[in-house]
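Undergrad: Here is how the chains run, residue by residue.
Number of protein chains: 2
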Amino acid sequence: MDVPPIDRPGQSPQFEGKMPSDPASTALSIASPVVSDVLELSSPLSLDGGQSLVAARIAYETYGTLDADRGNAILICHATTGDQYVASPHPITGKPGWWDRTVGPGKPIDTDRFYVICPNVLGSCLGSTGPASLAPDGQPWGMRFPVITIRDMVRAHVALLEALGVSRLYAVVGGSMGGMQALSLAVNWPDIPERVLVIAATAAMPALNIAFQEVGRQAVMADPNWQGGAYYGTGHAPDAGLSVARMAAHVTYLSEETLSEKFGRRLQDRAAKSFGFDADFQVESYLRYQGTAFTERFDANSYLYITRAMSYFDLAEDFPGSNHHSERLVHAFARSKARFCLVSFDTDWLYPTAESKKIVHALSAAGVPVSFVELSAPFGHDSFLLDVPEQDRVIAGFLAQ
Amino acid sequence: MDVPPIDRPGQSPQFEGKMPSDPASTALSIASPVVSDVLELSSPLSLDGGQSLVAARIAYETYGTLDADRGNAILICHATTGDQYVASPHPITGKPGWWDRTVGPGKPIDTDRFYVICPNVLGSCLGSTGPASLAPDGQPWGMRFPVITIRDMVRAHVALLEALGVSRLYAVVGGSMGGMQALSLAVNWPDIPERVLVIAATAAMPALNIAFQEVGRQAVMADPNWQGGAYYGTGHAPDAGLSVARMAAHVTYLSEETLSEKFGRRLQDRAAKSFGFDADFQVESYLRYQGTAFTERFDANSYLYITRAMSYFDLAEDFPGSNHHSERLVHAFARSKARFCLVSFDTDWLYPTAESKKIVHALSAAGVPVSFVELSAPFGHDSFLLDVPEQDRVIAGFLAQ
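Heads up: the sequence lines are chains X and H, in that order.
With our numbering, the residue at position 144 of the first sequence is 144, and numbering never jumps.
With our numbering, the residue at position 233 of the second sequence is 634, and numbering never jumps.
Only chain X is shown next, with the shape it has when bound in the complex (with noise of 0.2 angstroms):
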């Protein structure tokens, strides 16, 4: 990696410190306003889809301090739907970052002593590039816009790493697509991370998996405001498609446990049922709540684009081996310098224990020192983001090491 000489993060002539919006914003439908830091790559960034994008940007948020001997930075990774607010504010819905209870002083992933880097991924909505950005043309992409891989993510990751003068990762971290981003950046550039933690994830998207999220695209495709991708600036967006596909994957995110002592059939506001169609049941009106204020904070085109770059994944594709995957997979691990981690839950059914083991199993056959846990916690696939003190002694004793 070529490390430019900067002293401090954000401060170098390539970074364009923080962004009241991004150009593309004003033809979103949704109003992003994008503070963080923005990298623009001044190289184009080649994508596996045999594109390359030029002076594509990277939005990010760092939190603590790099070290002078700049050994103490930790990538976290993002899931779907998630963004690089990992430890401040959502600044379109003020909430709390998305794994605030994880990351910050003191906490299992401790800024007062790493260096945290979280990047908005490639062909997202929060300031990265995306469908929604302008395209060379001065006009949005829409769905111009390549098609990208989890590995291109990763790219612009690496990018942004190189900007920052990061060329060693203490740890790179990720839960769900983000374990994929993890997983990727140990298989493609094994000499950056010491430490991979990758969490509820697999190496290959299930087709159960490749099913839900053709399932969600079909939804926002099916809903006439798409216009082919090309609703930015009309003043209709694709909400409707937009929002039953976030609750359809919703679902996926959560175990019948959850949904059974959440709500039950208990009903919501009412005594009895209203022989209606409205949401007589509390999971219904949590449904269609879910789906409403996701569509506050996300563009549907990214939506397409970020699930395909998941049903397309598969760690291995390129390695050689029989048609048995596992044995593709020992090759992608055999130049991995790291350790793994790797965690799973029990209820959690979308990316199951089954799937970590493949991994487990690959990286043990590759002679890559790795440790497995299976957590218990009743929260389904949104475990690795809510409150589980066990995944928490995981990751701090993980980082400890």
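Don't read these hints as lab results, they were simulated from the structure.
For glycine and all other residues, C-beta sits at the position ideal for the given N, C-alpha and C.
Hints are supplied without guarantee of correctness; some may be wrong.
[Claimed, not checked] Which residues of chain X face chain H? A partial, calculated answer using Cβ under 10 angstroms:
(1) 204
(2) 205
(3) 207
(4) 214
(5) 219
(6) 243
(7) 270
(8) 274
(9) 280
(10) 281
(11) 337
(12) 349
[What the hints assert, rightly or not] Under the rule of at most 27 angstroms between Cα atoms (straight-line distance), these lysine-lysine pairs were calculated in the DSSO-like manner:
(13) H/663 with X/358
(14) H/674 with X/358
(15) X/357 with H/738
(16) H/758 with H/738
(17) X/357 with X/95
Knowing the structure of chain X, use the given hints to seat chain H on it.
TA: Coordinates of chain H only, in the frame set by chain X:
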């Protein structure tokens, strides 16, 4: 029950005989070539919601011959989007009956021995009165159709049985929503069934299923062509929304095992990923086909009403007991005179074995004879419709007793 003196079902003056089409079908976006027998009820059908339906029509198919002592009748109740064509070709798709492998001469439900009755449920769209039917004002009901319950469906079945001169059933049989109807019949009309065979069902819709049903309804209602349900005769049905609803539901009927074995990450008619939004993966292509094909045979409003009835289903809600559902369920079965057989499938995550066990425990506590088996089959919830020889043996065995 008032049993009319009819000799051959379908030839009473109460019956309209073979109908070329439902009066409402001209207003339906789907041309519904109903060829079933149709009973028009001479008395208003009282509904749980407090309304009543005048001149409700029940389309049904029968197979085999009713014995002179009228003791060999079996009522088969169909699932959410099923129909009366249990063992005869579907009039729209031309496909064999949905349980053709189970019902017929010499088959587990042997029509050489049994007189099989299969009605189209109230609220559906294959000849029975539903939202696509004409209201008394001569216009399609649309969303003016009253919200119905599983028990309302069964009320219509009971009226049909009465008209057919069947006061006792050798058995009532159903899978999924059909199983809920069988349970409702056994609890609310305990004098009718002698045997109750319930497959892959529940006594009260779990929150996860309510959630998925809500996603499906929201997908339909998000389609501008839905127009508040008043799309009949407009030439524009909410096919896009209904297709998304079907896709989301269809995923829940399958197992990860089925999806992995049937599709895995295999590409559809191409050697490499397209880096686009076509259906690259076989599972995507399959789902899109399932969604589209469904719109050709099913009415979107019927989908709303039937899933609403399912989400409302709680067999025990009217029975005394503490807040513990299990206690009320025991009371629900107190008057039962039937023998029960419960079947679940180990890969069914939508109506898992635990749901069947709750019913078995309540029946046992109520002193009702019950047998139970969890079958091993790879097909998820759909197993009850597919090639599971062990299920054939369980059905034949239970009906032989």
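Undergrad: Each hint: holds or not?
TA: Verification of the supplied hints:
1. 204: 6 angstroms, holds
2. 205: Interface hint status for residue 205 of chain X: holds (7 angstroms vs cutoff 10 angstroms).
3. 207: 4 angstroms, holds
4. 214: 4 angstroms, holds
5. 219: 5 angstroms, holds
6. 243: Since the shortest Cβ distance to chain H is 7 angstroms, the answer is holds.
7. 270: 13 angstroms, violated
8. 274: Holds - the Cβ of residue 274 of chain X comes within 10 angstroms of chain H, reaching about 8 angstroms at its closest.
9. 280: 8 angstroms, holds
10. 281: 5 angstroms, holds
11. 337: Violated - the Cβ of residue 337 of chain X stays beyond 10 angstroms from chain H, reaching only about 28 angstroms at its closest.
12. 349: 7 angstroms, holds
13. H/663 with X/358: 20 angstroms, holds
14. H/674 with X/358: The hint holds at about 24 angstroms.
15. X/357 with H/738: 50 angstroms, violated
16. H/758 with H/738: Measuring from Cα to Cα gives roughly 20 angstroms; hence the hint holds.
17. X/357 with X/95: Cα-Cα ~34 angstroms, so violated.
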